Amino acid sequence: MRISYREAMRLALREALESDPRVFLMGEDVGRYGGTYAVSKGFYDEFGPERIRDTPLSELGFVGAGIGAALGGMRPVVEIMTVNFSLLALDQIVNSAALLHHMSGGQVSVPLVIRMATGAGRQLAAQHSHSLENWYAHIPGLRVLAPATIVDARGMLAPALADPDPVVIFEHAQLYNMEDELPDDWSCDIERAAIRRPGSQASIIAYGGSVPKALDAADALARDGIDVEVVDLRVLRPLDVATIAESVGRTHRAVVVDEGWRSGSLAAEVVARIVEHCFYELDAPPARVCSEEVPIPYAKHMEDAALPQVPKIVAAAREVLNV
Amino acid sequence: MRISYREAMRLALREALESDPRVFLMGEDVGRYGGTYAVSKGFYDEFGPERIRDTPLSELGFVGAGIGAALGGMRPVVEIMTVNFSLLALDQIVNSAALLHHMSGGQVSVPLVIRMATGAGRQLAAQHSHSLENWYAHIPGLRVLAPATIVDARGMLAPALADPDPVVIFEHAQLYNMEDELPDDWSCDIERAAIRRPGSQASIIAYGGSVPKALDAADALARDGIDVEVVDLRVLRPLDVATIAESVGRTHRAVVVDEGWRSGSLAAEVVARIVEHCFYELDAPPARVCSEEVPIPYAKHMEDAALPQVPKIVAAAREVLNV
Amino acid sequence: MNATKRKPKAAAAERSLPLQLLADMLRIRRLEEKCAELYGAQKIRGFLHLYIGEEACATGATHALAADDNVVATYREHGHALLRGVPMDTIMAEMFGKAAGCSRGRGGSMHLFDAARRFYGGNAIVGGGLPLAVGLALADRMQGIRRVTACFFGEGAMAEGAFHEGMNLAALWRLPVLFLCENNLYAMGTALMRSESQTDLCVKAASYKVPTLRADGMDVLAVNEAVRKAAAEVREGAGPFFVELQTYRFRAHSMFDPELYRDKVEVEAWKERGPIHNFSAKLKAAGELTEEAFLALDAEAEAEVAHAVAFAEAAGWEPVADLLRHVTSGEAQR
Amino acid sequence: MNATKRKPKAAAAERSLPLQLLADMLRIRRLEEKCAELYGAQKIRGFLHLYIGEEACATGATHALAADDNVVATYREHGHALLRGVPMDTIMAEMFGKAAGCSRGRGGSMHLFDAARRFYGGNAIVGGGLPLAVGLALADRMQGIRRVTACFFGEGAMAEGAFHEGMNLAALWRLPVLFLCENNLYAMGTALMRSESQTDLCVKAASYKVPTLRADGMDVLAVNEAVRKAAAEVREGAGPFFVELQTYRFRAHSMFDPELYRDKVEVEAWKERGPIHNFSAKLKAAGELTEEAFLALDAEAEAEVAHAVAFAEAAGWEPVADLLRHVTSGEAQR
Ligand SMILES: Cc1ncc(C[n+]2csc(CCOP(=O)(O)OP(=O)(O)O)c2C)c(N)n1
Ligand SMILES: Cc1ncc(C[n+]2csc(CCOP(=O)(O)OP(=O)(O)O)c2C)c(N)n1
Ligand SMILES: [Mg+2]
Ligand SMILES: [Mg+2]
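Residue numbers (my numbering), protein chains in the order written: chain A, 1132 to 1454; chain B, 1132 to 1454; chain C, 51 to 384; chain D, 51 to 384.
Hints in this document: simulated from the structure, not taken from any laboratory.
A portion of the hints provided could be inaccurate.
Cβ-Cβ distance ranges computed for the label pairs, FRET-style [said to hold, decoys possible]:
id, chain 1, residue 1, chain 2, residue 2, range
1, A, G1179, C, D118, 20 to 30 Å
2, D, A371, B, D1176, 36 to 46 Å
3, D, V370, B, D1347, 14 to 24 Å
4, B, A1293, A, D1435, 47 to 57 Å
5, C, F306, A, R1354, 30 to 40 Å
6, A, D1320, C, F306, 31 to 41 Å
Pairs of lysine to aspartate or glutamate residues, derived as EDC-like cross-links and limited to a Cα-Cα distance of at most 16 Å, are as follows [what the hints assert, rightly or not]:
id, chain 1, residue 1, chain 2, residue 2
7, B, K1443, B, E1423
8, D, K84, D, E309
9, C, K259, D, D250
10, B, K1172, D, E309
11, D, K259, C, D250
12, D, K334, D, D348
13, A, K1172, C, D266
14, A, K1443, A, D1350
15, D, K332, D, E350
16, B, K1431, D, D372
From a predicted model like this one, the values you see are computed outputs, not experimental measurements.
All residues carry an ideal CB built from backbone N, CA and C; glycine is no exception.
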């Protein structure tokens, strides 16, 4: 069946709500409004106000409440409208969700899933276009996921809810309308990265909203007879270094694509891991295609110029391939 | 004259308060209490409650007020007791301080200095031992400084206050009692990294509280006839890549020390820059000595094991030198 | 083509306050109706939050402020920016993303700024403006400047910690902040009663020992009177003041909102209280306004909008080569 | 050596409530006096926040709770943990950083936890516990469990956005949260009057439509009575309740505090109201307590402390090889 990323998320959420009474969805406008990105549209009537819980504008408060509810035996799915507003909730996410298990010497766990939309590309300007995945990927105690395909959108929530510890899921806002076939087996591994397109000459490593761009770049390169592999990180923490190293060990060349700003990016971590694991197999220094170091501008031509784009990825691949 | 890092900070603050009526210090317990780390002890009586302003426990509120005061023509120095509590203020720091200049098309500026203590090492446990410098170093619009010497503690505040844009200064809590000679010329460049110890066989690159450890490691290595250079980043954003590349270009080997957790660390960015700028000059893959990926434990032996220590730096240097 | 308001300014001089209030509400209305149209035509992109139905709030309030007072607003700030003197031409150009825009095309609809007029912007973080307003007022107090900082925000923002911390700081330090809450009953799809345990917003504000006033946000004169009273007290140095303006948003929250959360009957009932329609009817009944005069004001507003659109259309794009500018002032000065 | 409280538990059974309250205040006092001493001896490190002077609050309050109620506390929580049943032995071992500590030595003084006893910890982020308490109460409500979640915090926390958001959520959703504010007049060096524009904390809480009570936090019976009333209402499903306990910290904020912000006269005046001294005097006057009985209780407390110290001294360190465990549950289960 051919469905959208949004629909895949909806199927995953509905399944979770139907299969486990401990699961509930909480966040701003997830209920009566239908969800900012319409992911929970109709759920309010289906599951009621207790399980599809609209919250006031209190990011720190309701995220903390989600953590407390997880401590109390529930399996909350907390939706933060976008990563931009998660800045208001970071204290609870880092100092409570990520640390409670450790500070209690392993006594308490926080089986919480936090979903948030991320990324730029819709001319929403600087305050509404952040990509802060690497901030989260830096924190021990959190698992960080970035579904970039219909299968992952459909399959990641169940294992995330089964995880006894906090899981943060980043949904790139540009992906919600993406459509694809949903295979019968959409089960999903939240430990490993995935090779989305096998290739031999270079590894293009991306995640989230950059994966479709990386695949388009691979197609463009293929038209010129250049065969590159596309690796989707999928799990931003803990990083699946084995898959990355195996790929780069084969191709000897790497391009890392990240919508985050270059300095201090997740792409830097991937480059560091590549160097630590396959320095002697590298035929060229790994290249990074990240967002330019400027707050995301409103004007379309400027926003486009600030973000990773297919031509930039193609150029970077040609550079590491020196063709 | 021989003074402590704390005393150097005090001299810099007093000078700023005496020389510019627009400068004022605001934060939790900076006044009557004397400052959590006694940096502003006595200033309340000297400069009065308006200019040494005690705030309620409202990190988001008073940091935002500092930003507004900067917009309004003042030159606020906002003290956030420790980086741990800055998580509550990140929305204002990122979405207001760092972005206002850009979103207004360059019309308004935020000449604000935010000081905060950072780091672990005093058995304060997980919630009080963060090193989140790389989170800040990731954000365009911010300048991020990490004074690691008496001279920088004395000299960085003036140029930071002269900067028309927001500057974040990280003071590692372990450094306050460090003493050293203050030379007559303590003027300080907030654009460039500094070579703290020239050396030829490898470059140990560190910042903040890790600099003294890097220097101790260099001494230990010297005793074994190994001559390493120690580079102090000083400016965490924008990174002074020229100095880093020049050093590594000479030594062909690098060890990056960072008290932040390894994944997504500033050390990763430094490694990525090294690879991007001197891949072909490298004789070995750069090594990282970071905090282990665990929330900082309370017990001393466990905390020590979690943090970068001199022996680990020595071992990493020997590894890249293969001796 | 240069960016200036023509007729209105000139005309404004001779006009009585009521007529100027009406004219300004019309200017906001016609501007935003055109914006909605241009959004459909994809000339304007991103988020567009219309103020249609709420014009009496910004109009009555800004006419109660002094020319050099500070204003901090939200992402629903087209009207506030316009009435603080930002030329409609540069507002429209900003929404087009043109370099001649009031924020150089970097900000868009949610980030209209005008430093010279002390308009500290559109802010897209709910509640984000309150701490900034507290700081602006603190700066004025420390510099001995007798100025009011007016801070507009929606009722939804009152659930945010930023509201709590900002109100307390302003009250504790007795700063000249005029808190103007535009209570349109909904925060996106969330009704006030589902957002606050205490729905009497003045009671909430009073708990910080801040004096409060409530006004009919559909009646421009009532708003103007209440804000004048409040601003006068703030200017006198009595500390902050909180004014609740009870109003209603006639359109969707943004251009993406299916409006599942409120029924048409409620919307229609509020539309009966349309601030422009009712106020002009009142003026006519009082013989202060003729249909011809009304049409003239309307035509003037339409002309200003037409000029703004032409200006925005004709304006140029910022060169991509300048992408990395305006990140820091240092760079901007290059 | 195994971690259990000996005599006290046994004795507790026969004891009248007043005597048990006195005994428990003494246990907290003697425990913390020893902690201060051990801090000097560097057996205990990091931050150590003593509760000395405030014992009537935790004692009166915990005796008003049911055994399986949830408790969320702050970094000044030694007494709360102890009275919720965390063995003094494992509390002391935790402060020593030993593997036998109630948090395995990972948390220290500020992070005492006991999942089995539903003691959700010490929290070193001011105000951080309030949203957690709201969530614990929400979980109970959704699971149909009739349980109270008691949340302790200091008056300084009321300036934080977390207080505002937490109170509103609890009140809006009518959740069974018992907010217990230990108002000791200072947040580190900041006096309440310099922290809140409204210093009547019950008025602040009432602004969320939450019922409130104020009690003398130096009088253990007054605290117990107030918290009983409040807990009963919360348990009945009436929604959250706020109780202000007016108390005072006799010692410095932490072991680093030079105490420049308050004068000795004030401190001495409050010491006159010492909760243990006054309550035992009252019991003696009422003939409910003899000096011998008092000394027996005190000796019992001292013995428990001595046992705890011996236990902590004898306990082993967690092996460094386990450093990376307990980051996630998965790893912990390895
Ligand atoms: C901190 C934050 N949370 C959520 C949002 C998304 N959002 C934008 S406007 C809005 C509703 C705000 O309602 P209100 O404050 O009443 O203002 P109104 O839109 O009604 O004028 C929301 C939830 C945001 N921009 N910022
Ligand atoms: C968010 C945050 N800000 C600042 C601190 C530093 N700090 C620790 S305790 C304290 C005072 C808290 O006062 P109060 O809430 O009254 O509790 P008390 O210490 O008086 O029991 C402060 C400022 C912190 N731990 N967390
Ligand atoms: Mg509203
Ligand atoms: Mg206190």
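Evaluated hints:
Taking 20 to 30 Å as the suggested C-beta distance range, the pair A/G1179 and C/D118 does not conform, at roughly 53 Å. Range check, D/A371 to B/D1176: about 52 Å between beta-carbon atoms, so the 36 to 46 Å window is missed. Take D/V370 and B/D1347: their Cβ atoms lie about 21 Å apart, and the range 14 to 24 Å holds. In this structure the hint that B/A1293 and A/D1435 lie 47 to 57 Å apart at CB is violated, the actual value being about 36 Å.
Take C/F306 and A/R1354: their Cβ atoms lie about 36 Å apart, and the range 30 to 40 Å holds. Distance hint check: the CB atoms of A/D1320 and C/F306 are about 34 Å apart, consistent with the given range 31 to 41 Å. A hinted pair counts as satisfied when its Cα atoms are at most 16 Å apart, and B/K1443 with B/E1423 qualifies at roughly 12 Å. Among the hinted pairs, D/K84 with D/E309 is inconsistent with the structure: their alpha-carbon atoms are about 21 Å apart, more than 16 Å.
Restraint check for C/K259 and D/D250: satisfied, since their Cα atoms lie roughly 10 Å apart, inside the 16 Å limit. Taking the CA atoms of B/K1172 and D/E309, the gap is about 12 Å. The hint holds against a cut of 16 Å. Between D/K259 and C/D250, the direct Cα distance comes to roughly 10 Å. Compliance with the 16 Å bound is thereby established for this hinted pair. Taken as a hint, the D/K334 and D/D348 pair is honoured in the structure, with Cα atoms around 15 Å apart against an allowance of 16 Å.
Under the criterion of a C-alpha separation no larger than 16 Å, the hint pairing A/K1172 with C/D266 is inconsistent with the structure, at around 34 Å. Restraint check for A/K1443 and A/D1350: the C-alpha separation of about 14 Å stays at or below 16 Å, so the hint holds. Using a Cα cut-off of 16 Å, the hinted pair D/K332 and D/E350 is violated, with the two alpha carbons roughly 21 Å apart. With a CA separation close to 14 Å, the supplied pair B/K1431 and D/D372 stays within the 16 Å bound.
Hint compliance for this structure: hints 1, 2, 4, 8, 13 and 15 are not met, and every other hint is.
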